[in-house]
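Build out the structure end to end from the sequences listed, making use of the hints.
If you want the building blocks of each chain, they are given just below.
Number of protein chains: 2
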Amino acid sequence: MSSRDEIFDPAGLAGSIRSGDRRSLARALTFVENRAGGHEAFLDAIYPDVGRAWRVGLTGSPGVGKSTVAARLIEEFVARGRRVAYLGIDPSSPLTGGAVLGDRIRLGSGHGERVFIRSAASRGARGGLSAQTEAAADVLDAAGFDVLLIESLGVGQAELDIARVVDTVVLVMAPESGDEIQAMKAGLLEIGDVLCVNKSDRASADALYSMLKHAVEMRTNPASRRPEVTKSIAAEAGGAGDLLEAITNHHRKLHQSGRWTELRDDRLRKRVEDVVRLEWEKRFWTEARSEVLRAAVSSLDTSARKPYSLASLIVEESSDGGG
Amino acid sequence: MSSRDEIFDPAGLAGSIRSGDRRSLARALTFVENRAGGHEAFLDAIYPDVGRAWRVGLTGSPGVGKSTVAARLIEEFVARGRRVAYLGIDPSSPLTGGAVLGDRIRLGSGHGERVFIRSAASRGARGGLSAQTEAAADVLDAAGFDVLLIESLGVGQAELDIARVVDTVVLVMAPESGDEIQAMKAGLLEIGDVLCVNKSDRASADALYSMLKHAVEMRTNPASRRPEVTKSIAAEAGGAGDLLEAITNHHRKLHQSGRWTELRDDRLRKRVEDVVRLEWEKRFWTEARSEVLRAAVSSLDTSARKPYSLASLIVEESSDGGG
Numbered sequence: 001m002s003s004r005d006e007i008f009d010p011a012g013l014a015g016s017i018r019s020g021d022r023r024s025l026a027r028a029l030t031f032v033e034n035r036a037g038g039h040e041a042f043l044d045a046i047y048p049d050v051g052r053a054w055r056v057g058l059t060g061s062p063g064v065g066k067s068t069v070a071a072r073l074i075e076e077f078v079a080r081g082r083r084v085a086y087l088g089i090d091p092s093s094p095l096t097g098g099a100v101l102g103d104r105i106r107l108g109s110g111h112g113e114r115v116f117i118r119s120a121a122s123r124g125a126r127g128g129l130s131a132q133t134e135a136a137a138d139v140l141d142a143a144g145f146d147v148l149l150i151e152s153l154g155v156g157q158a159e160l161d162i163a164r165v166v167d168t169v170v171l172v173m174a175p176e177s178g179d180e181i182q183a184m185k186a187g188l189l190e191i192g193d194v195l196c197v198n199k200s201d202r203a204s205a206d207a208l209y210s211m212l213k214h215a216v217e218m219r220t221n222p223a224s225r226r227p228e229v230t231k232s233i234a235a236e237a238g239g240a241g242d243l244l245e246a247i248t249n250h251h252r253k254l255h256q257s258g259r260w261t262e263l264r265d266d267r268l269r270k271r272v273e274d275v276v277r278l279e280w281e282k283r284f285w286t287e288a289r290s291e292v293l294r295a296a297v298s299s300l301d302t303s304a305r306k307p308y309s310l311a312s313l314i315v316e317e318s319s320d321g322g323g
Numbered sequence: 001m002s003s004r005d006e007i008f009d010p011a012g013l014a015g016s017i018r019s020g021d022r023r024s025l026a027r028a029l030t031f032v033e034n035r036a037g038g039h040e041a042f043l044d045a046i047y048p049d050v051g052r053a054w055r056v057g058l059t060g061s062p063g064v065g066k067s068t069v070a071a072r073l074i075e076e077f078v079a080r081g082r083r084v085a086y087l088g089i090d091p092s093s094p095l096t097g098g099a100v101l102g103d104r105i106r107l108g109s110g111h112g113e114r115v116f117i118r119s120a121a122s123r124g125a126r127g128g129l130s131a132q133t134e135a136a137a138d139v140l141d142a143a144g145f146d147v148l149l150i151e152s153l154g155v156g157q158a159e160l161d162i163a164r165v166v167d168t169v170v171l172v173m174a175p176e177s178g179d180e181i182q183a184m185k186a187g188l189l190e191i192g193d194v195l196c197v198n199k200s201d202r203a204s205a206d207a208l209y210s211m212l213k214h215a216v217e218m219r220t221n222p223a224s225r226r227p228e229v230t231k232s233i234a235a236e237a238g239g240a241g242d243l244l245e246a247i248t249n250h251h252r253k254l255h256q257s258g259r260w261t262e263l264r265d266d267r268l269r270k271r272v273e274d275v276v277r278l279e280w281e282k283r284f285w286t287e288a289r290s291e292v293l294r295a296a297v298s299s300l301d302t303s304a305r306k307p308y309s310l311a312s313l314i315v316e317e318s319s320d321g322g323g
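So the protein lines, in turn, are chains A and B. So that you can map any letter, position 214 of the first sequence is 214 in our numbering, and since no number is skipped, the others follow by simple counting. So that you can map any letter, position 109 of the second sequence is 109 in our numbering, and since no number is skipped, the others follow by simple counting.
Hints may contain errors.
No distinction is drawn between identical chains; accordingly, a pair holds when it is met within one copy or between any pair of copies.
[Claimed, not checked] With a cut-off of at most 25 angstroms between alpha-carbon atoms, the simulated DMTMM-like pairs for lysine to aspartate or glutamate come out as follows:
#, residue 1, residue 2
1, LYS213, ASP266
2, LYS270, GLU281
3, LYS270, GLU287
4, LYS270, GLU291
5, LYS253, GLU76
6, LYS253, ASP49
7, LYS231, ASP242
8, LYS253, GLU228
9, LYS270, GLU317
10, LYS231, GLU245
11, LYS282, GLU317
12, LYS231, GLU217
13, LYS282, GLU33
14, LYS253, GLU217
15, LYS253, GLU33
16, LYS270, GLU316
17, LYS253, GLU281
18, LYS282, ASP44
19, LYS270, ASP301
Hints are computed from structural coordinates only; laboratory data are not their basis.
Here's what the structure looks like:
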């Protein structure tokens, strides 16, 4: 059987990645990222093995040092005997100078096998990023990694998408010049389970750290999450110790509260809802319905251009009518 | 007729906002933001008047000075005789110290009537923000404002959502300490039609400005947008002159290329598709289908927990079957 045929044997490929074969793992990731024919059957085949890995997301604005924090965390996990997979955006972009995460990780001898790094290029398809990231995470999860570190692009939708696919969200922040108050505007703090002040060797880091601590403690809404606030000096080795402790606390709380299982159930529910919606869209937008929409949108008669009336008209349109 | 009844007279309210009545305008905005009963008929009623206003979005990370840039732009527009409406996130958040945009705008006497400021609280509903912002923008558009300035939260999905609802996207950036390269990672530059280096009195502003210029010129993909790069010193009055020129150039290009009309058609098409999808979701998720999903997700039998097989099962499920 050629390796090309192997791709179309979902159960076989699932078995190969479970046994730890790295070439199969890389092939499986490419397969699901490209949404190649048969990827649905493959993802179904591995699903019974999905759910054991701890998924940790790193997010924050560009430039706060997410990749460096990731490198330090990987070292800490590996030193504790954990197998870690990293899933990130493409660091080989021409604009970033080609720095590759792997170069930044300092591992003791023989520890390299416990680390797998995948820099999935952001394909830019709106809404598609989280589905692709989730599929890749499922593959790494089924392959038996203990920890998945997922770094978001840190811009746009990615910051919210990451909250959907991980168990623990680390929001990385860097002390800026007097802009701390703005950085704390509604929305930013809500994302993180752990708030990490990076570059804490800067003079303004203590001020940011105190403000975050204060903001978190001030919360009166009992439904709000109470993120842990921590510091790290990612440029220095060992600076991630506090951060590791904070996220490990969060991991423990997830298990104690039952949230760990809830998150897995929620993810499966949303996955199914997404698949159903995509299937519906393919079926609903028949040529006849698309033509009604096209004609109305390009109409010079403004009375035809009314969003809600038009939607009702299309919903009632017979799907097999003339086109 | 009491003012309460007036709300349920879509044509009457549409007429009042067209005539420039500010109380009706505020009421109409609250009405559509709350998705009160009858808001669909009201939005349909005003739609023939929608599409004339120039929609300018301001986005960028928290702390780069978007609101201050907005205040300077409003002054410039008003000085040129334009009517400007501002739609922003809630600046009365307890974390921001209560600074209100209106206090930052310095207008000549009698110019106040040309400005309308609406700080819509971000309701945090994922996906709901852009629909609400678009509805509010339609109301202000139908009320006859020449320019709508829409400031995004600058975090998460909001940055991409804004590109959907506006004609011209201004990406505001501030010079940071050595993080310029990271800030230029894929994604950020793609969002903006105009890149504005704010706080350009800082020493590092020239470096950021040059890098952005260079990055924009290096683009070889002819399909890429070529944003204009500009500087502004928003803290100083008059610093928005260059920015005004850059966005006015973009406005002219939109009309010359036919893109202005295309954007309006695209927005109507997406609006209708969204309304249709929401309507479908209400009808599709019958009690029977929801029960199939619930049962499978909470099942201890892992063979029932396969996303694609489960989706197929639910799509084929008779909608009026037993629950």
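Homo-oligomer pair classification [GLU217, LYS231; C-alpha up to 25 angstroms] = Within one copy, since 17 angstroms is at most 25 angstroms while 39 angstroms is not.
request  = With 25 angstroms as the alpha-carbon cut-off, assign the pair LYS282 and ASP44 to within, between, both or neither.
outcome  = within (21 angstroms within a copy, 27 angstroms between copies)
task = Give the relationship of LYS282 and GLU317 under a CA distance limit of 25 angstroms: within one copy only, between copies only, both, or neither.
result = For LYS282 and GLU317, both the intra-copy (16 angstroms) and inter-copy (18 angstroms) Cα distances are at most 25 angstroms.
key: Intra- versus inter-subunit Cα pairing at 25 angstroms for LYS231 with GLU245   = within (11 angstroms within a copy, 43 angstroms between copies)
query = Which holds for LYS282 with GLU33 at a C-alpha limit of 25 angstroms: within a copy, between copies, both or neither?
reply = Within one copy only: 20 angstroms inside a chain, 31 angstroms across chains, cut-off 25 angstroms.
key: 25 angstroms Cα threshold - placement of GLU217 relative to LYS253   = Classified as within: same-chain Cα gap 18 angstroms, cross-chain 50 angstroms, threshold 25 angstroms.
query = Checking LYS270 and GLU317: alpha-carbon separation at most 25 angstroms within a copy, between copies, both or neither?
reply = So LYS270 and GLU317 pass the 25 angstroms test across copies only (18 angstroms; inside, 29 angstroms).
ask   = Should LYS231 paired with ASP242 be assigned to within, between, both, or neither, using CA atoms and 25 angstroms as the limit?
value = within (7 angstroms within a copy, 40 angstroms between copies)
request  = At 25 angstroms max between alpha carbons, let me know whether LYS270 reaches GLU287 within a copy, between copies, both or neither.
outcome  = between (29 angstroms within a copy, 17 angstroms between copies)
task = Up to 25 angstroms between alpha-carbons, please classify LYS253 paired with GLU228: within, between, both or neither.
result = within (12 angstroms within a copy, 49 angstroms between copies)
inquiry  = For LYS213 and ASP266, with the copy left unspecified, which applies at a CA distance of at most 25 angstroms: within, between, both, or neither?
reply    = For LYS213 and ASP266, the Cα distance exceeds 25 angstroms both inside one copy (30 angstroms) and across copies (45 angstroms).
ask   = With identical chains treated as interchangeable, where does the CA-CA distance between LYS270 and GLU316 reach 25 angstroms or less: within a copy, between copies, both, or neither?
value = between (28 angstroms within a copy, 18 angstroms between copies)
Figure legend: structure checked against the earlier numbered hints; hints not met, in rising order: 1, 15 and 17.
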